[in-house]
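Undergrad: Given next are the chains, with one letter for each unit.
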Amino acid sequence: MAKKKELHIIVTVKQVPDTHEVRIDPKTNSLIREGVPSIVNPEDRNAVEEALSLREKHGGTVTVITMGPPQAEEALTEVLAMGVDRAVLLTDRAFAGADTLVTAFTLSQAIRKLEPCQLILCGRQAIDGDTAQVGPQLAGFLNLPQVTYAAGLTLKDNALTVERSLEDCIEKVRVNLPALVTVTAEINQPRYPSLFNVQDACGGKQLTIWRAKDLPVPHEMLGLSASPTWVKKIFAPEQGKKGTVIPGSEKEMVKILLEKLKELNFIQ
Amino acid sequence: MDFELTKQQKLSRHIAREFAQKELEPYAQDWDEKMEFPAEAIRKLAGLGFMGISIPKEYGGAGLDSISYTLIIEELAKACASSAIIVAVHNSVCAYPIHLLGTEEQKQKYLIPLAQGRKLGAFALTEPNAGSDPASLETTAEQRGKHYLLNGTKIFITSGSTSDIVIVMASTDRSKRGRGITSFIVEKGFKGFSVGKKEEKLGIRASDTCELIFENCAVPEENVLGNPGEGLTSALTTLDTGRIGVAAQALGVAQGAMEESIKYCNERKQFGKPLADFQAIQWMIADMATEIAAARMLVHRAAWLKDQGKPFSIESSMAKLYASEVALRTATKAVQIHGGYGCMKDYKVERYFRDAKVIEIYEGTSEIQRLIIARNTLRKGSS
Numbered sequence: 001m002a003k004k005k006e007l008h009i010i011v012t013v014k015q016v017p018d019t020h021e022v023r024i025d026p027k028t029n030s031l032i033r034e035g036v037p038s039i040v041n042p043e044d045r046n047a048v049e050e051a052l053s054l055r056e057k058h059g060g061t062v063t064v065i066t067m068g069p070p071q072a073e074e075a076l077t078e079v080l081a082m083g084v085d086r087a088v089l090l091t092d093r094a095f096a097g098a099d100t101l102v103t104a105f106t107l108s109q110a111i112r113k114l115e116p117c118q119l120i121l122c123g124r125q126a127i128d129g130d131t132a133q134v135g136p137q138l139a140g141f142l143n144l145p146q147v148t149y150a151a152g153l154t155l156k157d158n159a160l161t162v163e164r165s166l167e168d169c170i171e172k173v174r175v176n177l178p179a180l181v182t183v184t185a186e187i188n189q190p191r192y193p194s195l196f197n198v199q200d201a202c203g204g205k206q207l208t209i210w211r212a213k214d215l216p217v218p219h220e221m222l223g224l225s226a227s228p229t230w231v232k233k234i235f236a237p238e239q240g241k242k243g244t245v246i247p248g249s250e251k252e253m254v255k256i257l258l259e260k261l262k263e264l265n266f267i268q
Numbered sequence: 001m002d003f004e005l006t007k008q009q010k011l012s013r014h015i016a017r018e019f020a021q022k023e024l025e026p027y028a029q030d031w032d033e034k035m036e037f038p039a040e041a042i043r044k045l046a047g048l049g050f051m052g053i054s055i056p057k058e059y060g061g062a063g064l065d066s067i068s069y070t071l072i073i074e075e076l077a078k079a080c081a082s083s084a085i086i087v088a089v090h091n092s093v094c095a096y097p098i099h100l101l102g103t104e105e106q107k108q109k110y111l112i113p114l115a116q117g118r119k120l121g122a123f124a125l126t127e128p129n130a131g132s133d134p135a136s137l138e139t140t141a142e143q144r145g146k147h148y149l150l151n152g153t154k155i156f157i158t159s160g161s162t163s164d165i166v167i168v169m170a171s172t173d174r175s176k177r178g179r180g181i182t183s184f185i186v187e188k189g190f191k192g193f194s195v196g197k198k199e200e201k202l203g204i205r206a207s208d209t210c211e212l213i214f215e216n217c218a219v220p221e222e223n224v225l226g227n228p229g230e231g232l233t234s235a236l237t238t239l240d241t242g243r244i245g246v247a248a249q250a251l252g253v254a255q256g257a258m259e260e261s262i263k264y265c266n267e268r269k270q271f272g273k274p275l276a277d278f279q280a281i282q283w284m285i286a287d288m289a290t291e292i293a294a295a296r297m298l299v300h301r302a303a304w305l306k307d308q309g310k311p312f313s314i315e316s317s318m319a320k321l322y323a324s325e326v327a328l329r330t331a332t333k334a335v336q337i338h339g340g341y342g343c344m345k346d347y348k349v350e351r352y353f354r355d356a357k358v359i360e361i362y363e364g365t366s367e368i369q370r371l372i373i374a375r376n377t378l379r380k381g382s383s
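Sequence order for the protein chains is U and R. Residue numbers 1 to 268, in the working numbering, belong to the letters of the first sequence in order. Residue numbers 1 to 383, in the working numbering, belong to the letters of the second sequence in order.
Okay, chain U solo, but in the shape it has when bound (with noise of 0.2 Å):
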């Protein structure tokens, strides 16, 4: 009988500053960068703790991917430090500027020269872009069946059962794997990084980094250039029209919030 598979997760992970803390500069309509702590996409922290939850329960690896700048490393460290088993950094001028569609294709790339695995797990969104596209374009570049938006999951004879946090409504799915999954901030609460992995987290053997001429892409599907979409402008949003204060006692106030709901429509 062949031996069966071993379990082999991959996170993408993406380092964003902690929005916050970001603040927009009125006079060049960019993001003032400068004291903003980087941190690890909240929503990908939850896809790292949700595969070492189904490795702790049936064994195998984790490999944690990134795409970003040299500091991004420390993005890698930190949940090398929750207990993943090794980390790539992709980091390149050549890949700078990328949209969500060129970092997809990226990704996609290298992590078809990783071992192959047997599950993808991504946050649901990244709170710098908000867009929710990285994950999904990885699915379609690497041919896969994909399930967003994943609130709950288990894994039983190699296929997945998986809640959706939908609206108005919880969905239930089964996807057989290998298959790609990105996950909300209800599916779990991340442990935090020990210090017990801080030796090996920074001891460099379980990091690996990658330029681009470690994919086999030219330089022209990479970055900037190749990306079909760019950010035109920045610009923070307009405040919002100042709530109103109802005065009166409570029951004064209820009535006068009902007759403006239903003024509303909001109710009937």
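A portion of the hints provided could be inaccurate.
Straight-line alpha carbon distances no greater than 25 Å define the calculated PhoX-like cross-link-like pairs of lysine-lysine that follow [what the hints assert, rightly or not]:
1. R:K188 with R:K44
2. R:K201 with U:K205
3. R:K57 with U:K205
4. U:K57 with R:K44
5. U:K242 with R:K269
6. R:K7 with U:K242
7. R:K201 with R:K357
8. U:K27 with R:K273
9. R:K357 with R:K345
10. R:K7 with U:K205
These are computed hints drawn from the structure, not numbers from a lab.
Starting from the structure of chain U, add chain R where the hints point.
TA: This is chain R only, laid out in the frame that chain U set:
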């Protein structure tokens, strides 16, 4: 000379900062108020390697360097100085001396569970009549066959009631004073060992400070730590390391007090402009920032010397002296900047202020640090 932190040091600080912000800071005020030991947080810290920061991996620790250790303690202290001292005492004056002086059997039996955080450690030197002058301690240890019988009382012992393993200094030959003192590893369950009064304190209130009582407490001779009669020397070496941790704790309190002040003076408006626009406030912030930066250099230098295997006793005294006094000066200014609000328990600076005063006193008062530094400097003729 390189002032850049290594990857390992940056990651250690990041891990400690995230944990402290999420798991300590929101509860610190409440623990302080109720004098509640943060048991659940300490359990979580143990699971993440915080109880064996610089202990090698083969003995269950995280194997990190001393600068990482100071960065970690600083981050914990910024959120909760009590949690920071529980971790620092456990690491630096209980686990570390066992690592430094313990036999292989002692390391297997005590160091591994300490480093893994399954047991909590404490250190007992101070007595009612032996504070800054530890050579005059009165607790005795008399050898009876394969045991020593300990008799006496220790006071002001950090984690006294919550710890499982205590390093206890006792005199095996009172006629020799300092040269007749021996260190023992004592387990909480040993017969004749009990916890006395739990002190109610000004600051660092979530960490328990207790009296320990030894009444014919039988300690097996294999629990002698280091050589008999060398207990005071080893205690003083241990305290050199302990001071680095306390200095890092002081830095955390100072940094926290400054950050709260910056936030407050940007938000609070008087006479139509933020407090930050007034030069009187700006000068206070400038002094805070400068003194904290200087203190941090001293702390990191002491830790660096320790990692290089060079003498660091004087440097750790300088770090502890300066950082603890900077903590109190910074916290005092922070309360001043906050005005009336600074005196209220709703504001963190009130706690920082009380905690900083305690830090100036324990692990060797400012006066003892000056004594150590002066003696050494006068002997050498230069700094």
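Undergrad: Need the list of violated hint numbers for this structure, in ascending order.
TA: 2, 6
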